[in-house]
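Protein sequences, first through last, are from chains A and B.
Its first residue numbered 1, the first sequence is counted upward by one per residue in our numbering.
Its first residue numbered 1, the second sequence is counted upward by one per residue in our numbering.
Any given hint might turn out to be false.
Examples of chain A residues toward chain B, derived with CB under 10 Å [to be verified]:
1. Gly-34
2. Gln-37
3. Cys-38
4. His-39
5. Val-42
6. Gly-49
7. Lys-51
8. Tyr-76
9. Ala-79
10. Leu-81
11. Ala-91
12. Gln-94
13. Pro-100
14. Lys-103
15. Pro-110
It is worth saying that the hints were derived from the structure and are not from the lab.
Every residue gets a Cβ at the ideal spot worked out from N, C-alpha and C, and that includes glycine.
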Amino acid sequence: MRRALLLLAAVAFSHAAAAAGSAEKGKSAYVKHGCWQCHGFVGQGGVTGPKLGPNPLPLDALSAFVRNTRGGMPPYQSAILSEADLADIHAYLQSVPKAPDYKSIPLLNP
Amino acid sequence: MAGKDADSKAGRRKFLTGFVAASAATAITPASRAADTLAQNAPRAPSALPPSGKAAEAETGTPRELARVPGTPGSDFMVDVIKALDIKYCPSNCASSYRALHESMINYGANKMPEFLTCMHEESAVGMAHGYFKAAGKPLMTLCHGTVGLQHATMGIYNAWCDRVPVIVIGGNDLDAATRPPGVPTFHSAQDINALVRDFTKWDDTPVSLQHFAQSFVRAYKIAMTPPHGPVMISLDAGLQQEPMKDHGDKPYIPRYVPTAPPQGDSGAVKEAARLLAGAQNPVIVADRAARTPNGVKLLVQLAEALQARVIDQGGRMNFPRTHTLSAPPTAVNNADVIIGLELSDFWATVNSYTDNAGNGGIGTNSSRIKADTKLISISSVELNTKANYQDFQRFQVIDVPMAGDAESTLPALIEAVKQAGPNKAALEKRAEAAKKAYAEGMERTRAAAALGWDASPISTARLCMEVYGAVKSLDWSLVASEGNVSNWPNRLWPIDKYTQWLGRSGGYGVGYGAPASVGAALANRDLGRFSVSIQSDGDLMYAPGVLWTAAKHKIPLLAVMHNNRGYHQEVMHVQRLSNFRNRVANLGGDMGPVGTSIENPDIEYHKLAESMGWWAKGPIKDPAQLGPALKEAVKVVQAGQPALLNVWTQPR
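Produce the entire structure from the sequences given, and follow the hints as far as they go.
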């Protein structure tokens with residue numbers, strides 16, 4: 001537990017200094033690294049993975065999860081997903097437009 | 001009747017001898033090869049040489065009457081047997097090893113009951129029979145070559161086995177090595193063709209006389225139709241089909257078919273189950289293939305309401321109305337104190353979770369999803385029919401009250417026993433109120449989730465499914481297959497409340513089920529006046545797309561809306577997962593998914609493929625705004641009796 005907290009703190013520190021990512025580059029990185037496979041091309045989620053955007057987790061929390069997950073999602077170590085790419089992906093998820101209210105969609109209100 | 005030919009003395013073997021002799025006369029000999037070589041070196045001759053006198057006579061003269069086989073063909077009697085069982089269709093790919101039965105069916109039997117349907121792959125034929133049964137409740141038969149055809153058919157048979165669906169498979173086989181024709185028929189013969197599928201059929205036989213065939217066929221039908229249902233196999237000797245009936249004094253008879261009553265759970269176990277359920281604080285019902293008929297749905301509603309127990313429908317069949325406030329998601333097991341599983345294909349995975357992570361030495365981790373003291377009850381007919389080799393019985397799960405019996409047949413006794421056990425009325429009312437609230441909240445969350453990515457391109461699977469529902473909702477619709485995983489939106493959002501509105505999945509997860517099963521179910525629905533719609537995935541369609549032609553050929557109306565995510569998506573995720581576990585960048589090879597998992601570059605134009613086989617088709621549709629109008633057009637086409645396909649580019653899941 002203590003080790004995990006230290007790890008999270010280290011990750012958080014490393015991201016505190018990270019520059020804001022590029023949404024445009026992030027869109028490519030999101031596809032290249034396979035995020036779309038479980039979460040959809042616009043981060044909408046599905047049975048295979050939760051919604052990522054809009055309003056993603058803060059970058060530090062997202063990074064801590066992506067690097068260390070032991071759940072259903074396989075971890076992405078920095079050797080296969082760089083800090084820069086992860087920041088870009090986060091920026092892309094932030095740029096995803098807000099979904100319409102389901103109450104405004106007739107097909108979802110039969 | 002073939003009996004008119006009784007005066008002819010030429011038998012099957014004499015006929016075959018003549019055939020072989022004629023073949024030999026035209027065979028290529030070393031001398032003729034030498035002549036060909038000389039001819040190649042000679043000055044160029046006209047491409048069409050004048051025929052020899054013999055050839056000209058053969059081509060233009062009146063052919064001699066072929067020698068007739070005396071007596072009544074054995075295969076005519078076989079048709080009488082088949083007709084006695086009221087089998088409506090025989091989807092099959094033609095093959096010489098059953099040519100005699102084929103000829104008898106279409107000529108002596110007038111191609112009715114059963115009607116021969118031309119298939120382009122044996123797996124398609126079995127898949128059609130599979131889908132047909134789930135829509136009509138009646139089995140079909142299929143014919144195939146006993147070796148090469150049966151090898152094609154095996155995946156379809158395995159799906160039917162896992163999905164507990166009766167299909168009667170007949171494989172032609174030239175059993176008698178002393179008389180079988182040489183060459184191809186010999187490659188297509190085996191000592192025991194049934195061995196190929198014995199591990200995943202309920203029963204098989206190799207009749208050696210016509211009387212034996214009559215008994216075998218009626219027995220096969222009876223076994224296939226006794227719960228748990230399953231496919232059966234008959235090896236049919238070509239000689240037995242082709243030779244005339246032998247006169248032993250007595251004519252062979254056709255045994256009367258009397259259905260076997262399905263097995264019920266033990267009465268003592270039923271009482272104990274009722275006692276546990278009636279005394280539970282939070283009983284939960286889980287159903288997979290519980291409802292074999294529409295009556296099964298009614299019974300399950302009665303049981304659920306008698307207990308005010310939430311029901312998780314795992315979707316092997318349509319077991320419980322999605323519109324009922326007791327309908328619940330899989331997580332409803334978490335706080336249960338008593339769980340009853342009805343015809344579950346995997347009880348272990350119902351109450352345990354498996355996480356495919358790198359833990360536990362790389363093989364994933366397991367954890368219980370239920371409280372430690374939760375009591376488990378099971379009613380399953382599959383316990384009566386377990387075989388060793390294929391592991392469809394899943395991991396071992398300890399059950400407190402296990403019953404080997406058919407769930408639907410046991411439900412009336414269980415409902416009665418629950419009523420007698422007298423559940424606490426106040427507890428029932430409290431549970432009903434809580435379930436109603438949970439249902440409403442769950443639907444709200446689901447609709448909000450469906451709105452995410454609503455306007456995205458490629459089109460979201462939620463948008464795909466809801467546009468399809470919007471286009472068919474005013475019709476008597478039947479969702480005949482939903483393959484390729486669309487995040488289960490139809491079961492989460494469509495108001496499925498009739499048995500034939502959801503027909504379940506393949507059973508064995510053998511990809512390639514969706515297209516033929518849809519066509520088979522649409523055939524049944526055509527005759528019953530229902531509108532058939534399928535969600536057709538790309539990978540599934542390409543296993544044997546010839547079934548599209550079969551649908552057009554036999555005028556089977558079906559609306560196939562493609563979930564074209566351009567990949568074998570399950571495998572896309574698997575290879576990505578393993579790459580991550582090993583800390584390697586997945587090699588995409590220029591595609592979206594890891595090498596070997598994508599279906600792109602080039603993209604398959606499924607609409608053109610369907611058009612080429614006689615379908616109305618449109619696509620690729622990538623803009624969600626275009627989907628609704630295209631669906632309207634397609635629905636009209638299907639209502640006019642033609643199959644229609646929309647090639648829709650979709651999000652992965």
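These are the hints, each one checked on the structure:
At a threshold of 10 Å, the smallest CB-CB gap from Gly-34 (chain A) to chain B is about 4 Å, leaving the interface hint in force. Checking Gln-37 (chain A) against chain B by beta carbon gives a least distance of about 5 Å; that is within 10 Å, so the hint holds. At a threshold of 10 Å, the smallest CB-CB gap from Cys-38 (chain A) to chain B is about 6 Å, leaving the interface hint in force. At its closest, the beta carbon of His-39 (chain A) sits 9 Å from a beta carbon of chain B; the interface hint therefore holds under the 10 Å criterion.
Checking Val-42 (chain A) against chain B: minimum C-beta separation of about 5 Å stays under 10 Å; hint holds. Given the 10 Å rule on beta carbons, the hint for Gly-49 (chain A) holds: about 8 Å separates it from the nearest Cβ of chain B. The beta carbon of Lys-51 (chain A) is positioned within 10 Å of a beta carbon in chain B (closest approach about 6 Å), and the interface hint is therefore held. Residue-level restraint check for Tyr-76 (chain A) holds (minimum Cβ-Cβ distance to chain B is 6 Å; threshold 10 Å).
Interface restraint check for Ala-79 (chain A): the shortest CB-CB distance to chain B comes to about 5 Å, inside 10 Å, so the restraint holds. The closest approach between the C-beta of Leu-81 (chain A) and any C-beta of chain B is roughly 9 Å, which is under the 10 Å cut-off, so the hint is satisfied. Hint status for Ala-91 (chain A): violated, given a least beta-carbon distance of 18 Å to chain B, over 10 Å. About 15 Å separates the beta-carbon of Gln-94 (chain A) from the nearest beta-carbon of chain B, more than 10 Å, and the hint is not met.
Given hint, Pro-100 (chain A) at the interface with chain B, holds; its Cβ is 6 Å from that chain's nearest Cβ, closer than 10 Å. Checking Lys-103 (chain A) against chain B by beta carbon gives a least distance of about 8 Å; that is within 10 Å, so the hint holds. The criterion of a C-beta within 10 Å of any C-beta in chain B is met by Pro-110 (chain A), whose closest approach is roughly 7 Å, and the hint holds.
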